[in-house]
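**Q** Construct the complete structure from the given sequences, taking the supplied hints into account.
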Amino acid sequence: MYVHVCSRGDVMSAKDRELKSEEAVKGGALLDWREELRVRLPRAALYLLVAIAFYILSVIVPGLVIGVKLPGVLEPFSRLDWLLWAFLLLIALAFGGNAVYNLLKALDPLLEAMARRMGGNVRPAKRVARDVAYMLLVVLVAEALTPIAESLGGPGQPLKIVIGVTTLVLLLILVYDVGKVTYRYIESKVELLIKRLEKIV
Amino acid sequence: MAIEPVKYMLVYVLTLLLAVSEVFPLSVSAMLGALLMAWFGLNDGLFTYEEIFSFIDLRLIALLIGVMITVETVGRSGLFRVLGLYAVKLAGGSPAGLFVVLSVISAATSLFLSDAAAVLILSATALAISRELGYDPTPFVVASALMINLGGTGTLIGSVSNMIIGLNAGFDFVEFAAYLLPCELMLWWITIAVLYLYYRERLRDSPKLVEEYHVRVENKGEVIKAALILAIMIGLYVSSERLGVPAEAIALFTAVLALTTTRYDPVEVFERLDWDTVFFVASFLVLVRGLERTGILQALSQLIYEASKGSLAYATLLTLLVSGITSILLANVAVALTFVPPLKALNLPDKRPLWSALVLGTNLGGASIPVTSVVFAMAVGALRHEGLKVDMGELSKVGLLTSMAQLAFSALYLLAYFRLSF
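So the sequence lines, in the order shown, correspond to chains H and D. Just so we're aligned, residue 489 is where the first sequence starts under the working numbering, counting upward by one. Just so we're aligned, residue 84 is where the second sequence starts under the working numbering, counting upward by one.
All the given hints hold, so there is nothing to weed out.
Output of the computed footprint for chain D on chain H, the stretches with three or more beta carbons under 8 Å from beta carbons of chain D:
(1) 616-624
(2) 631-640
Where chain H lies over chain D, by a calculated footprint (3+ residues, C-beta under 8 Å):
(3) 93-107
(4) 117-124
None of these hints come from the bench; they were simulated from the model. The beta-carbon is built from N, C-alpha and C at its ideal position, and this holds for glycine as well.
**A** The structure is reproduced here in structure tokens:
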């Protein structure tokens, strides 16, 4: 039996994989998305918590060792507080990166479901054009809603923030989709080129 | 309040992107664009609420709807199908002869019928005949679609973009035809020659007999009535200037005449009208007129003027080239509506060559690639429905080749007809 190593690091048999993909097709994108969210979200949350914890440590701990210096080493590498701060921040960034990666992976099936809803499998160029159109739409709708929020006075301020944050999140999702589609397209072309070169060789 | 032209430009780009990427149909994309334009324009004090409605050219909408009703009623009688079948019978059984006759009929039918309706009728006829005689249907169907796109380039009512440009240029039916019909007729033969050269290997089957082919006219009375209505419409358009009756009034008159003298259910006729185009034109007018208020289109006009260095010949060729290329990717109605304000604003004494170039550019670029052309896409659909494998790359090659040949000839025609010099 052949085995495939999944991106999550789990080991899955070819048959399991086949069954899983059949299930995904039968159950539709929603099931796929829920499954992905079930796995990815707790991981992302945990990584984020650890990242925050290390960030807090990077703020507090260096303060406890201020003044301690390592002899014969150049500034700022000789300062223990700086070294601790850099080390802890690096760990926080690594965990934060992992959290973002898991969140993006959880987004993948959602994006696929969205793309299917927006007209099935379309060519990469059309999908990118659609993403750009949606980006423009999001920006312009936000621009159109801002005067309404401003006219509300007091409650308008938080509403403006909500509009801004929602716009930003939607833009990030769409930019990610553009990047992913472009990357896949280029990857497929490169693979095609490699296969051709292999044939020639 | 300061006006931000970038915002308005983005609304325009958004509308085009939504339409090109088929997120929404043409009409809905334009309606969304018009809505955003109206909202921003009102907020920025660019125009008033009442002015928004004045942006919609009611004369143009009346002309569109009038022609659509007349053509829909006439088409229902089966007149065009009967004419097509008779002509095919006349061509005999030679594939090359059939190819030429079908191409000419397609272009001639499109002079009066909407492109979509003409493709439906002609591709069905081409498929039925080629199936019957055992010929490869691809050259016939492709030629039919390309000739349908070309047909109507030379008449005011031949396409929606022609109506938009004609009304804005102030051309009547005769003046419009005088400038452009000779070019169209010459383009028919150039296009047929290019297509024949391309498909000549596939048109070398030995001729088959077509004697047993019978044309049966079921509702003779309706066909004759339809032919009469069509003749009256053309007669009125030709004498419109002498009568002092504008084109949209003739369109509405013939629409009422067609509805009252035929027995078709008017509700059915109204349902079959191309409302997508009507709403698209009305909404896009709001978008373009709004954009005009920001000064962007005047800047574009200035750009054309500067690029052409004040020379009418350069400006004409530039208009032909830019409108032709943009029509490959965008709906030609959108291109026509966008180019009208900058051409109107151009500071040149004689703008007839420019309007003619815009007509030719918007019409000829329209069927270059199957992905963006409705007539081409419908022809591909008909071939696929017949179970034939369609090579989109090859079709794009044929489309681009004919478009380039047509645009090149049009450039020479405009220079010669209007005696333009550099």
